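Which chain is which? The protein sequence lines are A and B, in order. For the first sequence, the UniProt record's numbering assigns the number 1 to the initial residue and increments by one for each residue that follows. For the second sequence, the UniProt record's numbering assigns the number 1 to the initial residue and increments by one for each residue that follows.
Certain hints may be false.
Claimed, not checked - Capping the alpha-carbon separation at 25 Å, the derived lysine-lysine pairs in DSS-like fashion look like this:
(1) B:Lys106 - B:Lys243
(2) B:Lys243 - A:Lys278
(3) A:Lys283 - B:Lys133
(4) B:Lys243 - B:Lys131
(5) A:Lys278 - B:Lys131
Calculated from the structure, these hints are not laboratory results. Fair warning: this is a prediction, and the values are worked out from it, not measured in the lab.
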Amino acid sequence: MKEGRPRSFYVLAIFFAAYTLFLYGPMIAIYVLSFQGPQGGLTFPMNGVSTFWIAKLFQGTGIVDLGAAFRRSLLLGVIVMIVTVVLSVAAGMAFRRKFKAQSILFYSAIASLIVPSIITSLGISLEFRIIDDLIKAHWNENFETSMGLLTSGLGAHLTWTLPFGLLIMFAIFNRFDPRLEEAARDLGATPWQAFRHVVLPIILPSVIGIGLFGFTLSWDELARSSQAIGAVNTLPLDLQGLTTTVTNPDIYALGTIISAVSFAVITLALGTIHMLNKRQAAKGSDAGKGLV
Amino acid sequence: MDMSEEVLQQASPGLIPGSGTARAAKPTRLSPSFISWLQAGPMMLVFLAFFLIPLVFVIIVSFWDYNEYQLLPAFSGRGYTDTFEGCIAQLPDLCTIAKTYLKTLKLCFLVWVITLFIGFWVAYFLAFHVKSKTWQMGLSLLCTIPFWTSNVIRMIAWIPLLGRNGLVNSGLVKTGLINHPLEWLLFSEFSVVLALVHLFTFFMVVPIFNSMVRIDKSLIEAAYDAGATGFQTLVNVIIPLAKPGIVIGSIFVITIVMGDFITIGVMGGQQIAAAGKIIETRVNALQFPAAAANAVILLVITFLIITMMSRIVDIKKEL
Numbered sequence: 001m002k003e004g005r006p007r008s009f010y011v012l013a014i015f016f017a018a019y020t021l022f023l024y025g026p027m028i029a030i031y032v033l034s035f036q037g038p039q040g041g042l043t044f045p046m047n048g049v050s051t052f053w054i055a056k057l058f059q060g061t062g063i064v065d066l067g068a069a070f071r072r073s074l075l076l077g078v079i080v081m082i083v084t085v086v087l088s089v090a091a092g093m094a095f096r097r098k099f100k101a102q103s104i105l106f107y108s109a110i111a112s113l114i115v116p117s118i119i120t121s122l123g124i125s126l127e128f129r130i131i132d133d134l135i136k137a138h139w140n141e142n143f144e145t146s147m148g149l150l151t152s153g154l155g156a157h158l159t160w161t162l163p164f165g166l167l168i169m170f171a172i173f174n175r176f177d178p179r180l181e182e183a184a185r186d187l188g189a190t191p192w193q194a195f196r197h198v199v200l201p202i203i204l205p206s207v208i209g210i211g212l213f214g215f216t217l218s219w220d221e222l223a224r225s226s227q228a229i230g231a232v233n234t235l236p237l238d239l240q241g242l243t244t245t246v247t248n249p250d251i252y253a254l255g256t257i258i259s260a261v262s263f264a265v266i267t268l269a270l271g272t273i274h275m276l277n278k279r280q281a282a283k284g285s286d287a288g289k290g291l292v
Numbered sequence: 001m002d003m004s005e006e007v008l009q010q011a012s013p014g015l016i017p018g019s020g021t022a023r024a025a026k027p028t029r030l031s032p033s034f035i036s037w038l039q040a041g042p043m044m045l046v047f048l049a050f051f052l053i054p055l056v057f058v059i060i061v062s063f064w065d066y067n068e069y070q071l072l073p074a075f076s077g078r079g080y081t082d083t084f085e086g087c088i089a090q091l092p093d094l095c096t097i098a099k100t101y102l103k104t105l106k107l108c109f110l111v112w113v114i115t116l117f118i119g120f121w122v123a124y125f126l127a128f129h130v131k132s133k134t135w136q137m138g139l140s141l142l143c144t145i146p147f148w149t150s151n152v153i154r155m156i157a158w159i160p161l162l163g164r165n166g167l168v169n170s171g172l173v174k175t176g177l178i179n180h181p182l183e184w185l186l187f188s189e190f191s192v193v194l195a196l197v198h199l200f201t202f203f204m205v206v207p208i209f210n211s212m213v214r215i216d217k218s219l220i221e222a223a224y225d226a227g228a229t230g231f232q233t234l235v236n237v238i239i240p241l242a243k244p245g246i247v248i249g250s251i252f253v254i255t256i257v258m259g260d261f262i263t264i265g266v267m268g269g270q271q272i273a274a275a276g277k278i279i280e281t282r283v284n285a286l287q288f289p290a291a292a293a294n295a296v297i298l299l300v301i302t303f304l305i306i307t308m309m310s311r312i313v314d315i316k317k318e319l
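Make a model of the complete structure from these sequences and hints.
This is the structure in structure tokens:
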């Protein structure tokens with residue numbers, strides 16, 4: 001017999017549902033509004049349904065050069081994702097043993113996460129300005145700037161994504177059974193083989209999770225990019241620029257497109273994680289399951 | 001090396017390949033500490049180049065001089081004196097910087113109280129009322145997905161709801177509750193707090209949930225068996241055990257709000273002053289030393305808040 005649920009369950013279930021509505025309701029509203037008719041305005045009611053505003057964005061008649069910003073953000077996001085995955089997995093492996101500077105790295109990561117983004121961003125911008133001045137003074141008077149998407153911009157994004165990657169690695173290795181790796185070594189595997197054929201397949205679902213954080217956090221990053229990205233803008237910066245002059249639904253259309261990319265990546269990542277978990281469950285160890 | 005291996009090793013030395021003599025026999029083997037450096041070094045370098053050195057530059061530049069268009073690398077306290085201008089002369093009236101910080105702290109406090117309340121109960125529901133692991137995972141994911149989408153979009157998403165002709169106002173006017181649309185719904189302190197809560201409650205939910213799922217359920221049963229009411233169990237068992245999560249979540253929310261300039265800018269219609277916004281304004285005016293001085297002040301205040309809060313809990317132990 002199933003026990004009845006306490007009354008607090010229903011109260012909190014309603015509270016949770018309300019929170020979810022609060023989270024998603026406004027977002028869904030602008031996705032819907034981006035399909036306004038050509039005469040439609042910024043608010044409900046819908047004035048017809050069309051893809052007018054989305055098409056307008058793609059025609060490039062909008063206020064910003066969207067295509068270029070889109071490609072820049074995508075490029076940066078993919079690079080940030082790859083670097084975050086590689087550096088986090090490597091550093092996560094290092095933390096399984098004691099090493100000098102362990103706590104320096106740990107506290108750097110935590111500090112990087114909680115020091116206000118505007119300060120990090122300002123610092124990076126000052127650093128690159130000073131480097132520029134030095135180059136101009138000592139080597140090349142015509143030097144423009146070393147600031148850019150893949151120098152200061154990449155660095156700024158990494159200060160935000162790497163702490164998440166490292167914390168996820170901690171979570172992984174907290175419940176990782178080291179005997180699996182020891183067994184591999186006992187069977188004669190080199191450290192690299194043990195990592196490649198034992199550790200990596202087991203942690204792969206979570207590693208994809210790190211990639212998901214890396215890409216999405218970079219794709220939407222704003223505060224750290226604001227001072228450190230250099231002359232060009234990323235997509236979120238263009239979007240923020242538009243907020244001061246909101247007059248018609250093309251800003252919603254832009255929001256919808258940016259979100260569509262996020263949701264595509266989220267779905268892809270979660271789908272892959274789900275598939276890997278299922279495969280692990282199917283092909284994984286049968287130890288302890290008996291002989292029958 | 002774990003226990004079983006140690007026992008094995010004692011019983012018959014040399015049985016375990018790769019240990020003892022076998023390991024020493026390979027001359028090309030890299031030392032463990034060197035491998036650790038290779039593994040952790042790249043991340044350390046990124047933090048050094050893009051976080052630690054930049055912080056040092058912020059502190060150095062805050063003591064430089066400046067004119068209308070450039071940095072002058074000479075010692076000067078002008079960044080700070082400009083920032084605190086009038087703070088003594090205007091007494092007992094508050095100067096701009098003091099007013100701005102008071103306003104920021106007020107926003108911070110409001111957002112902290114609200115996110116803590118919502119975050120606590122959402123985490124409580126997930127941790128104690130959702131029994132199936134699949135549902136727990138699914139619902140946690142539901143709370144996490146918005147975090148992977150754009151903050152700016154989640155801000156502008158309030159415009160069609162809260163604007164002059166938005167859903168809320170037109171609904172209230174239609175039902176006759178008000179005659180004129182409410183002006184304070186959008187581009188106001190209200191909308192700033194609403195948006196901050198909307199964006200950052202996630203940072204409360206995750207650590208509190210993490211602390212709560214680690215609570216041994218038998219402790220709660222024991223409390224009930226000993227005659228504690230639901231409320232007594234909550235106050236005397238659950239809240240103390242969830243404290244690490246509460247503190248970590250609070251640190252996240254408070255530091256984010258203290259340094260925020262985007263949400264306050266967009267949702268406040270660029271009209272509300274805040275600690276983070278001063279820095280942005282100074283940078284836009286190319287007054288880098290003044291911007292850096294403000295960054296140092298913000299850093300010190302944030303650091304003080306964190307130190308105060310981490311007195312309550314050892315963060316490193318909780319991760």
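Here's how the hints hold up against the structure:
no.: 1; hint: B:Lys106 - B:Lys243; verdict: 23 Å, holds
no.: 2; hint: B:Lys243 - A:Lys278; verdict: 35 Å, violated
no.: 3; hint: A:Lys283 - B:Lys133; verdict: 21 Å, holds
no.: 4; hint: B:Lys243 - B:Lys131; verdict: 22 Å, holds
no.: 5; hint: A:Lys278 - B:Lys131; verdict: 21 Å, holds
Hint compliance for this structure: hint 2 is the single one not met.
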